[in-house]
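Colleague: For the record, the sequence lines run as chains A and B.
Residue numbers 1 to 188, in the numbering used here, belong to the letters of the first sequence in order.
Residue numbers 1 to 411, in the numbering used here, belong to the letters of the second sequence in order.
Hints listed in this document are in silico derivations from the structure and should not be mistaken for laboratory results.
Note that CB positions come from ideal geometry on N, CA and C, so glycine has one too.
Hints are supplied without guarantee of correctness; some may be wrong.
[As the list claims (entries may be wrong)] Covered by chain A, per the in silico footprint, the following chain B stretches (three or more residues, Cβ under 8 Å):
| id | region |
| --- | --- |
| 1 | 187–198 |
| 2 | 272–286 |
[As the list claims (entries may be wrong)] Partial list, derived from the structure: chain B residues whose beta carbon lies under 7 Å from chain A:
| id | residue |
| --- | --- |
| 3 | Trp180 |
| 4 | Arg301 |
| 5 | Pro304 |
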Amino acid sequence: MATSGNPAGGHGDPTRRDFLMVATGALGGVGIAATAWPFINNLNPAADTLALASVEVNVAPIQVGQAITVKWRGKPVFIRHRTPEDIKAAESVPMSQLPDPQTDNARVTDSAKKVRPQWLIMIGVCTHLGCVPLGNRPGQDKGPFDGWYCPCHGSAYDTSGRIRQGPAPTNLVIPEYLFLSDALVRIG
Amino acid sequence: MASSHGTPPVFNNKVISWIDHRLPIFSYIEKEYHTFPTPRNFNYFWNFGAIATVMLVLMIATGVVLATNYTPHVLMAFDSVERIDRDVPQGWLMRDLHMNGASFFFIAVYIHIFRGMYYGSYKAPRELLWILGVVIFLLMMATAFMGYVLPWGQMSFWGATVITNLFSAIPVVGDSIVTWLWGGFSVDNPTLNRFFALHYLLPFVIVAVVALHVVALHVHGSNNPLGIDPKGPQDTVPFHPYYTMKDGFGVVVFLIVFAGFAFFAPDYMGHPDNYVPANPLVTPEHIVPEWYFLPYYAILRAVPDKLGGVIAMFGAIAVLFVLPWLDTSRVRSASFRPIYKWFMLVLVVDVIVLGFCGANPPAGFWIPLSQVATLYYFFHFLVLLPILGKIERPLPLPPSIADAVLKNKAG
Chain A
1 MATSGNPAGG
11 HGDPTRRDFL
21 MVATGALGGV
31 GIAATAWPFI
41 NNLNPAADTL
51 ALASVEVNVA
61 PIQVGQAITV
71 KWRGKPVFIR
81 HRTPEDIKAA
91 ESVPMSQLPD
101 PQTDNARVTD
111 SAKKVRPQWL
121 IMIGVCTHLG
131 CVPLGNRPGQ
141 DKGPFDGWYC
151 PCHGSAYDTS
161 GRIRQGPAPT
171 NLVIPEYLFL
181 SDALVRIG
Chain B
1 MASSHGTPPV
11 FNNKVISWID
21 HRLPIFSYIE
31 KEYHTFPTPR
41 NFNYFWNFGA
51 IATVMLVLMI
61 ATGVVLATNY
71 TPHVLMAFDS
81 VERIDRDVPQ
91 GWLMRDLHMN
101 GASFFFIAVY
111 IHIFRGMYYG
121 SYKAPRELLW
131 ILGVVIFLLM
141 MATAFMGYVL
151 PWGQMSFWGA
161 TVITNLFSAI
171 PVVGDSIVTW
181 LWGGFSVDNP
191 TLNRFFALHY
201 LLPFVIVAVV
211 ALHVVALHVH
221 GSNNPLGIDP
231 KGPQDTVPFH
241 PYYTMKDGFG
251 VVVFLIVFAG
261 FAFFAPDYMG
271 HPDNYVPANP
281 LVTPEHIVPE
291 WYFLPYYAIL
301 RAVPDKLGGV
311 IAMFGAIAVL
321 FVLPWLDTSR
331 VRSASFRPIY
341 KWFMLVLVVD
351 VIVLGFCGAN
361 PPAGFWIPLS
371 QVATLYYFFH
381 FLVLLPILGK
391 IERPLPLPPS
401 IADAVLKNKA
411 G
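Required output: the full structure, derived from the provided sequences and hints.
Modeller: What follows is the structure in C-alpha cells.
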C-alpha cells in the first residue's frame, strides 16, 4: 500500500507532491494576505489628516469659573479656568470613589511637568460613545458631580473631568499640551 | 401527480426556445415561479417576503437616482440634499420615497421575521434559509445606518459618532479599529466619503444574499401556517397565478400605506434635528436612532457598562443565528403550541417596550424598565425556548394541509 510515490490520502510518508501542495498553498496564502493589506490599510487616516496642526490658545481672557471650547483634530477641547472650590472639590475625592482612579494633580500637569491646578484642559468627548458632554457653557446641566454630564447615556464627570457615574469606562482624556507662557497654551 | 412539475416545459416561441436551450432562464422562471408547488393555505403573513423584495428594488431604484445628485463632502452634503428636495425635478419625491422606504422596508422585514418565529419557519430543514435571512437583516442595518449619515445633519453626525464608538469597547484594538473606520480622529470627511461608497455597495450584496435566500427557500419550499409538510398535490397550488395574485394584492395594499406616508407625512418617522447641519462641537440634547433601531439601542443602554452594553446589543442579534437550535420543539406552528403561542406574543410586546425605552432619555423608570425588558428578551431565547420544547404538550397536528383546510371550510 504505502509505497513511496503514492498520492496523498494513503497512510504512507508525505510525498514530494504533498510537500508541493502545502508549500504552494502556504505561499498563496501569504500572497493573498500581502495583497489584502494595502486594501485594509488604505482606510487608515491619510497623511494630511495625520498632519493636522496643533492649536495654540490664548487663555488670558478666560475668567475664573469660565470655560471655552476649541476644536482640535475635529474634536472639541474643553479649557476650564477652575475656581478654588472646584479645585478643592476635585482634590478632596478619595481614590476609592473613582471608577478610574487618577489624582487631580495628574490631570492638570502639562508636558513640561508643570502643574497648573486652575487650568483643566481635556478632550470634550465622552469616553462612552463619543458625545460631547454638557456643562462647559453657562446654564448647561453639569450633572450630579458639578463637572460635566453626558446627555446621551447619562455619564457624570466631576470638576476634574473624572468619571463618577454612568456607563463611561474612563475619565475624560487629557490631550498633550504645553503652556508656552502663562497665557498661551499649545494643544497637540 | 405533479405532472406540471419536473418535466421540462416546451416553449412555442422559437426565439424563447432558442435562448432557453442555451441559457435556461425561461425554464427556471417556469419551474420556480409558475408551476412551483406551494402550500395552499398561506395567510397574509406570507406576503411579506414579496413585499420586502419590492421595497429592496424600490430602494435601489430611488437610491441610484438620488446618488446622481448627492455630494459626499462635509461642506456640501447637507446642501446637496436640500437641493434634491427643492430644486431637482421630482427630487423631493425620490428622497421621500427613499427615506420612508427604509422605514417600510424594515416594517416588512420585521413582520416577515415575526412570521418566521410564530410559525417556526426556521426549523429543520430551513435553518440555513433562516440564517441567510438574519444575514440580510444585518446587512440592512449596516446599510440603513450608513444611509442615515449621508444627509450630514446633527443626527447623522452624532448617530455615526455613537455607533462607530461602539467598536472602541473592544479591548486593546478597539481604538485602532475606530480610527480605521473613521479614516481620521473623528467622524469627518473621510468617514462620510466611505460611508457613501459602502451605502451604494451593500444593497447589491443584499440582492446577492436574497438570491441565496430564495434558492434555499425553493429546495424544500415554503413553510405554511400549519407548519406541516405538503404530502401531495392535494396540499399545494401552483405559485402562479395563485400566489403571484395574492402577493400582488398584498404589495399594493402595503404600497398604499407607504405612499400615504411618503406623500402626506414624509418626515413623520424622521427626526427634526437632522435638518440642522452637523456640528462636531455640539451634541443634541437627546440622541435617538431611527425607530427601527430603538429596541437594540435600549438594550445597549440597559447595561451600565460600556463593553457589556455593546456585547448585549450584538448578542440580541447573534442569538437569532442560533434560534433553530435553541427552540427544542419539533412542532413548527405556534397554532399547535398552546404555551409558546402566548410567550411569542409576550416577546413582541417586550420588543415594543424596548423600543419605547430606546426612544426615551436614559433616566427615571426607563432605566429599570429597559433592564427588565432586556433580561426578558434573552430569557425568551436562552431559557424559555429550550425548556418549553421539552415540557409543552402540543395539540394534535392535522393529517394533511388539505384535510385541515377542507374541514375548516365545512365547519
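Colleague: Now look at each hint and say whether the structure bears it out.
Modeller: Taking the hints in turn, this is what the structure says about them:
A stretch counts as covered by a chain when three or more of its residues have a beta carbon under 8 Å from one of that chain; for the region 187–198 of chain B and chain A the count is 4, and the coverage holds. Beta-carbon proximity to chain A at under 8 Å applies to 6 residues in the region 272–286 of chain B; the threshold of 3 is reached and the given coverage holds. Below 7 Å, beta-carbon pairs count as interface contacts, and Trp180(B) has one with chain A at about 6 Å; its hint therefore holds. Interface restraint check: Arg301(B) against chain A, minimum CB-CB distance 5 Å, threshold 7 Å, status holds.
Given hint, Pro304(B) at the interface with chain A, holds; its Cβ is 6 Å from that chain's nearest Cβ, closer than 7 Å.
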